[in-house]
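Chemist: Using the hints provided, position chain F relative to the given structure of chain E.
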Amino acid sequence: MISVQETDNLTRVGPGTPTGEYLRQFWLPFLGSDAVEPGGEPFPVRLLGEDLIAFRREDGLVGLVDVACAHRRAPLLYARNEGCGLRCVYHGWQYDIDGQCTDMPAEPANSRFKKHIKIKAYPCRERNGVVWTYMGKGEPPELPELEWNLLPPERVHISFRVQETDWLSSYEGEIDSAHAPILHGRLDKTSKRSRTTMARSGRPIFDVMQQPFGVSVGARREVPERDELYWRVNQFVMPFYTLVPPKSEEWAELTGHAWIPIDDTHTLAVGFTYLPDRPLKERMVDVFTHGYQGRETGHPSDQAQDLNVPHNVPYWKYVTKFMRASNYLFDHSLQQTTYFSGLPGLWVQDVAAQSGALAVPRTFENLTSSDAGIVVVRQVLRDCVEAYAASGELPASAVDPSLSRVRAVAALLKRDETWVEALGEFMFKPVGDPLGYTVP
Amino acid sequence: MSVSGEETPLKIVASRELCRGHGQCELFAPDYFQIDDDALVVVVKDEVAPEDVIAVQDAVTHCPEAALRLEQARDGARQ
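Sequences listed follow chains E and F, in order. Under my numbering, the residue at position 17 of the first sequence is numbered 17, and the numbers go up by one with no gaps. Under my numbering, the residue at position 32 of the second sequence is numbered 32, and the numbers go up by one with no gaps.
Just so you know, the hints here were simulated from the structure itself, not pulled from any lab data. Possibly wrong hints are sitting among the right ones.
If you want the ones that stay clear, here's a sample from chain E, every Cβ over 10 Å from chain F, calculated [as the list claims (entries may be wrong)]: (1) ILE2; (2) ASP34; (3) GLU222; (4) ALA389.
Dumping the calculated EDC-like pairs for lysine to aspartate or glutamate here, alpha-carbon to alpha-carbon at most 16 Å [said to hold, decoys possible]: (5) LYS118/E to GLU51/F; (6) LYS115/E to ASP36/F; (7) LYS120/E to ASP66/E; (8) LYS115/E to ASP37/F; (9) LYS115/E to GLU65/F; (10) LYS11/F to GLU51/F; (11) LYS429/E to ASP277/E.
Looking from chain E toward chain F, a few residues come up when the C-beta cut is under 7 Å (computed) [said to hold, decoys possible]: (12) PRO108; (13) ASN110; (14) SER111; (15) LYS115; (16) HIS116; (17) ARG221; (18) PHE364.
Predicted model only: the values in this text are computed from it and were never measured. The beta-carbon is built from N, C-alpha and C at its ideal position, and this holds for glycine as well.
Looking at chain F on its own, in the form it has when it is part of the complex:
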């Protein structure tokens, strides 16, 4: 949590070691995920805007390889 009491944004953590290119993340949250030419995930932007949280959480939940997770961003990370 931030010092001000506002919720810190969520941050996407993706493992290219676990990813196998299913593309589910890209389907649910195309602004945040792309599959590159190696058929592996690329995180386009890692901080999740509040209005996109549900879409990104769907992307994480539907990853067949459990290659994605969300973390609370550290306060310092916002500055």
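If we strip away everything but chain E, and leave its shape as in the complex, we get:
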């Protein structure tokens, strides 16, 4: 069992911290492509405790550079995005996407000083609507082969939002499938969600297995009037991805998140929902985009953004109305009529529940049998962080992008079947292949 102190250490992600240095050795999906326009407004970003500025050069390339001009530290947030990069509005120094200063208009014409000036810059790559950066040492590996970012856009819905939780509390909410039928329960008997197999099934028994890509968190449940067992296998993919299996045959989408640490107390939740082999239903995309009957669903809707957030707040475009300051728009009366939780929508329920961890020390935590996946993932992360700090050793998935190609699975199995043998082939399907089974 990992100690409280060791667990807290995993949430410290700034420069020089063991966990922060470990996480820097992985590509970070840190921005939606549509957040930065060619020649448009620079966008403030904070990653692993570092304040940075993202921008898209007029020719379309994305840069991620230091937050301040190297001259006298004027904010590059106000920079003009023109020509080959960001031009500081104080004295006109200009920086390319690699951080190199390319112009100093207030210096004498013979000055070569700019050649010596290079601000911090991290390499970026863009793939299917997501911008990635690498803040680690040496040459970056190839991007991880995560299926949700390898499919055509019509098969995937991706969203970005900021939540006020440490990254550990965030991802732990998604490998713990025990909470789902409770926290997300609805009182409306016509709700389709309440008719899912998970909602009808009994208490989960967990079976957790360490994998080359991370950890599989299997949970089996008894199903009323059925002899089979209902298995759900969520995946934790190193270092911060969670994958969730489909909920029902009608809603057979795979879902999950990348939980990107903004700093010790904030997380960028990159949500994705996808069908590997066909476009998402139009109705589903519409519900994700606009909400359903005034409530949030699996993704932040176009009504969720807090439009009053100043543009100097990191990730201001991804800050929502559903934050601690607004009490997540909790309405106790809804517990009597609509939601088990009184919280207005699926992702809002998750983030509100996860946010308690910041206000209350982890010493108050009491893990239980349904937290088996959380316990194992914490141990694996601690061991990986310690190994990297001691010898620079990284897990195989950090250098082999193909190890990230895995799916979460849900299926009914006979009692004498093991999920490892029965579901293995469905976990490691080629990108874009059908699920290969009927979702219960």
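Modeler: Just chain F, lined up with the frame of chain E:
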């Protein structure tokens, strides 16, 4: 000072480790300083003629990196 009592000439000492290519020296005393392709100072001639002392001292004073200084040349250095 020299044996004869005349003032010894001033000699330029430049640090390419400290230099960052601002080019101020080149502006004030182009006969003595150049900035090369590595954006670092090159001293073209290091002994300062009496009529150029003020210009070279301006160059030294205006170096933002304090990469330049003037020394009295040793007597032996003139021979």
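Chemist: For every hint, state whether the structure bears it out.
Modeler: These are the hints, each one checked on the structure:
1. ILE2: Fine: 48 Å to the nearest Cβ keeps ILE2/E off the interface.
2. ASP34: holds, 39 Å
3. GLU222: Holds, because the least Cβ-Cβ distance between GLU222/E and chain F comes to about 72 Å, which exceeds 10 Å.
4. ALA389: holds, 34 Å
5. LYS118/E to GLU51/F: Not OK: LYS118/E and GLU51/F at ~39 Å, beyond 16 Å, violated.
6. LYS115/E to ASP36/F: Given pair LYS115/E, ASP36/F holds - Cα atoms ~12 Å apart, limit 16 Å.
7. LYS120/E to ASP66/E: Measuring from Cα to Cα gives roughly 5 Å; hence the hint holds.
8. LYS115/E to ASP37/F: holds, 10 Å
9. LYS115/E to GLU65/F: holds, 15 Å
10. LYS11/F to GLU51/F: holds, 14 Å
11. LYS429/E to ASP277/E: OK: LYS429/E and ASP277/E at ~11 Å, within 16 Å.
12. PRO108: holds, 6 Å
13. ASN110: holds, 4 Å
14. SER111: Given a least distance of 4 Å, the restraint on SER111/E holds.
15. LYS115: Holds. Min distance 4 Å.
16. HIS116: This hint holds: HIS116/E lies near chain F, its Cβ roughly 4 Å from the closest one there, short of 7 Å.
17. ARG221: violated, 67 Å
18. PHE364: violated, 54 Å
Comparing the model with each numbered hint stated earlier shows that hints 5, 17 and 18 do not hold.
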